[in-house]
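Okay, here's what each chain looks like letter by letter:
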Amino acid sequence: MSLLLKLALAAGASVFLATVQAAPATPGVTDREIVVGTISDLSGPIALLGVPVRDGLLMRFDEANAAGGVHGRKIRLVVEDSGYDPKRAVLAARKLVQRDQAFAFIADMGTPVVMASMPVIVDAGRLHLFPFSPHESTYLPLHPLKFQNFAPYQTYMEAATRHMVQAHGYQRSCLLYQDDDYGLEVMKGVEAALGKLGRPLVDKTSYKRGATDLSSQVARLRGAGCDFVVLATVVRETVAAMSEARRIGWKVDMLVTASGYSAQTHELGGAAVEGLYGVSVLPHPYAEGANKQLADWIQRYRKRYGVDPNVWSVMGYTLADMFVHTAEAAGPQLTIDGFARTLEKFDFTRDYFGSPEYRFSPTDHLGNRYGRLAQIRNGKWELISDYLK
Amino acid sequence: MTRTVRWRSVLSSAALLGLAILAFGADHALSQATLVATYALAGLGVVVVVGQAGQIALGQAALVGLGAYTEALLVSASVPSLLAIPVAAATAAAGGALASLPARRLGGLYFGMSTLAFALIVEEALVRWEPVTRGAAGLAVPALQLAGQAVDAPASQALVSVAALIGAMLLCARLFDSRLGRAWRAVREDEVAADACGIDPVRAKLLAFVVGGALSGVAGALYAHWIGFISPEQFGLMFSFELLMLAFIGGAQRLAGAAWGALVIVAIPQAISVLRDALPGELARSAGLETVVFGAVIVAVVLLRPRGLAGGR
Chain A
1 MSLLLKLALA
11 AGASVFLATV
21 QAAPATPGVT
31 DREIVVGTIS
41 DLSGPIALLG
51 VPVRDGLLMR
61 FDEANAAGGV
71 HGRKIRLVVE
81 DSGYDPKRAV
91 LAARKLVQRD
101 QAFAFIADMG
111 TPVVMASMPV
121 IVDAGRLHLF
131 PFSPHESTYL
141 PLHPLKFQNF
151 APYQTYMEAA
161 TRHMVQAHGY
171 QRSCLLYQDD
181 DYGLEVMKGV
191 EAALGKLGRP
201 LVDKTSYKRG
211 ATDLSSQVAR
221 LRGAGCDFVV
231 LATVVRETVA
241 AMSEARRIGW
251 KVDMLVTASG
261 YSAQTHELGG
271 AAVEGLYGVS
281 VLPHPYAEGA
291 NKQLADWIQR
301 YRKRYGVDPN
311 VWSVMGYTLA
321 DMFVHTAEAA
331 GPQLTIDGFA
341 RTLEKFDFTR
351 DYFGSPEYRF
361 SPTDHLGNRY
371 GRLAQIRNGK
381 WELISDYLK
Chain W
1 MTRTVRWRSV
11 LSSAALLGLA
21 ILAFGADHAL
31 SQATLVATYA
41 LAGLGVVVVV
51 GQAGQIALGQ
61 AALVGLGAYT
71 EALLVSASVP
81 SLLAIPVAAA
91 TAAAGGALAS
101 LPARRLGGLY
111 FGMSTLAFAL
121 IVEEALVRWE
131 PVTRGAAGLA
141 VPALQLAGQA
151 VDAPASQALV
161 SVAALIGAML
171 LCARLFDSRL
181 GRAWRAVRED
191 EVAADACGID
201 PVRAKLLAFV
211 VGGALSGVAG
221 ALYAHWIGFI
231 SPEQFGLMFS
241 FELLMLAFIG
251 GAQRLAGAAW
261 GALVIVAIPQ
271 AISVLRDALP
281 GELARSAGLE
291 TVVFGAVIVA
301 VVLLRPRGLA
311 GGR
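Residue numbers (our numbering), protein chains in the order written: chain A, 1 to 389; chain W, 1 to 313.
By construction, these hints were calculated from the structure, which means they are not laboratory data. Check the hints yourself; a few may be wrong.
[As the list claims (entries may be wrong)] Derived CB-CB ranges, DEER-like:
#1 A:Thr363 - W:Gln149: 57 to 65 Å
#2 W:Leu171 - A:Glu63: 55 to 63 Å
#3 A:Asp337 - W:Ala155: 25 to 33 Å
#4 W:Gln145 - A:Thr212: 41 to 49 Å
#5 W:Ala77 - A:Gln264: 21 to 29 Å
#6 W:Pro131 - A:Gln171: 28 to 36 Å
#7 A:Tyr286 - W:Ala97: 57 to 65 Å
#8 A:Gln171 - W:Pro80: 52 to 60 Å
#9 A:Gln264 - W:Leu279: 47 to 55 Å
#10 W:Val302 - A:Lys188: 35 to 43 Å
#11 A:Arg304 - W:Ala147: 49 to 57 Å
#12 A:Gln264 - W:Ala125: 32 to 40 Å
Just so you know, even glycine gets a beta-carbon here, dropped at the ideal spot from N, CA and C.
Isolated chain A (complex conformation) (with noise of 0.2 Å):
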């Protein structure tokens, strides 16, 4: 029999073997862990974000285990790298399913990634937990298995910019966007809180993803005689917006949403973007004027990582925070229709973090709908409202 031949024979066994294979009665679930799958971008476009919320999403996990764990059980998480890559996704929500027998998936990022892998995880009976998408289709129609924290920008930044209009009176509010579908979920935001006061979006302008001169998009706001600028920024735009219209001397109030609320944005901006308002979803936890728990943590993830933490480390964790507990008041006897049930049951309060309060239901699977305001003072974020409702 030559070579091939055998391992063809091989390769045979192997498919009636991977077929007849028993499944556990939960899967990812043992007497001694849960196994947790997540899908983030570790080397891609938006790694920046992605390696803060793992490291926060390992160092809860860790406590956790070294806690005691969850009812005994220590919880792994599985990190796959997908590098924004939607091919990479699928084939890593298989590899999880599959392979690792992941229980849950946690955090999984960017809405190709997370839209080209959501029906692999579901339509596999996993649970679907708090995706960095903003698409609606993470909790959307109801599913039994399909849990969203983050608010569409929309919802939010209908509150925050009828908020400023009102508490500020500003008569010509203008709208500076990405050209994606983070600009338009803003915009449709923007048009709806201008809509519910009566007034009008005077100008609108765009820019493509990654440029970095914005100066004749200032330059059409400012003719357009705009006494309020909503930023539909990321951070680098943020600050060439900001930059520029400082440099030309125009003194314009501008609003960034929850993607431009960094400690990055104050500290490549400098002076430039000193009195900018922006939306916070949870706040940067910033060493200086910490209560003590906050200091604690801080100091805690200094020491395991080396580095400061930052706003996307504080949402892995208490991403991560959420399932522990979750988990916990499951009961010993894990399931994931038992976990799903709880979560719909599950307030979670206020935390040192400062983060909003985050409630499911049976009939809603997003835990937050609110953002807050905070303004750009002396070099740093400070917040100026509780969450806007």
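Given the coordinates of chain A, assemble chain W onto it according to the supplied hints.
This is chain W only, laid out in the frame that chain A set:
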């Protein structure tokens, strides 16, 4: 291809699949087989244009995108998949013809740059034509329907992809042996000499892009169904370079090059990911480890097999 060689290929493919199933599990391995075959189909387009006709194609992903979007839009308008796939191939072939037009006046790298510009225009058009394509928000694509059955299981998806790839490879083998195939190779080797021999280089290049576009269009149509969600950014320059890399790793001048290249591009990162799980704590958690190792593998392949895996030493 002799009968022995053909059997050897079939047996080695079966052995590879079996080993993959053993290593990854059935669904995971079959999903990889699906994507390997789909990428190989798209890579065949590059083999035709770059390997056979000797043209620089830096925007092949745009043709895959045209196929994917045509398929998604037609299926969402209730057009049967079996009818939609040929239309997707025709749209991408037309795109290929359009992309080849600058070849009448440009050559070499300058023509390559024009294909790059074509890809940028297609990506931008997909973003801007929002009423139809839903712009950057993307489109959800339902499962492929064949004979009233949804092709949504890993095994059936792999079967369809591999069947499509085999069909395309047989078609290409016939083409490469035909008068047109010889014309492509003549143009690749020396355009002026080919012209002097009575070959119309412009027509040969146009047909290479049409055939390459059609192959990539079919791949795009299948890709849309397998991934289930398409957005313009998925068909950007990164994907074009990935396809080009695929062809060169596999062997751009060989038919089997596309399949070998796709295997490296799709399956090696998965194998690295599985091996990484066996590494100790902090090393396993290093960000971008797969990318670094994958890069090293690519460099090794290029150094050790400069003519591609299918091209010999």
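Results of checking the hints against the structure:
The hinted range of 57 to 65 Å is not satisfied by Thr363 (chain A) and Gln149 (chain W), whose Cβ atoms lie roughly 34 Å apart. A C-beta distance of roughly 59 Å is found between Leu171 (chain W) and Glu63 (chain A), which places it inside the suggested range of 55 to 63 Å. The hinted range of 25 to 33 Å is satisfied by Asp337 (chain A) and Ala155 (chain W), whose Cβ atoms lie roughly 27 Å apart. Checked against the hint of 41 to 49 Å, the C-beta distance between Gln145 (chain W) and Thr212 (chain A) comes to roughly 45 Å, which is consistent with it.
Look at Ala77 (chain W) against Gln264 (chain A): about 44 Å separates their beta carbons, and that is not inside 21 to 29 Å. For Pro131 (chain W) and Gln171 (chain A), the hinted distance range of 28 to 36 Å is satisfied, since their beta carbons lie about 32 Å from each other. The hinted range of 57 to 65 Å is satisfied by Tyr286 (chain A) and Ala97 (chain W), whose Cβ atoms lie roughly 58 Å apart. Distance hint for Gln171 (chain A) and Pro80 (chain W): a CB-CB separation of about 55 Å, consistent with the stated range 52 to 60 Å.
Taking the beta carbon of each, Gln264 (chain A) and Leu279 (chain W) are about 31 Å apart, not inside 47 to 55 Å as hinted. Taking the beta carbon of each, Val302 (chain W) and Lys188 (chain A) are about 48 Å apart, not inside 35 to 43 Å as hinted. In this structure, Arg304 (chain A) and Ala147 (chain W) meet the distance hint of 49 to 57 Å, their C-beta atoms being roughly 56 Å apart. At about 33 Å, the beta-carbon gap between Gln264 (chain A) and Ala125 (chain W) stays in the expected band of 32 to 40 Å.
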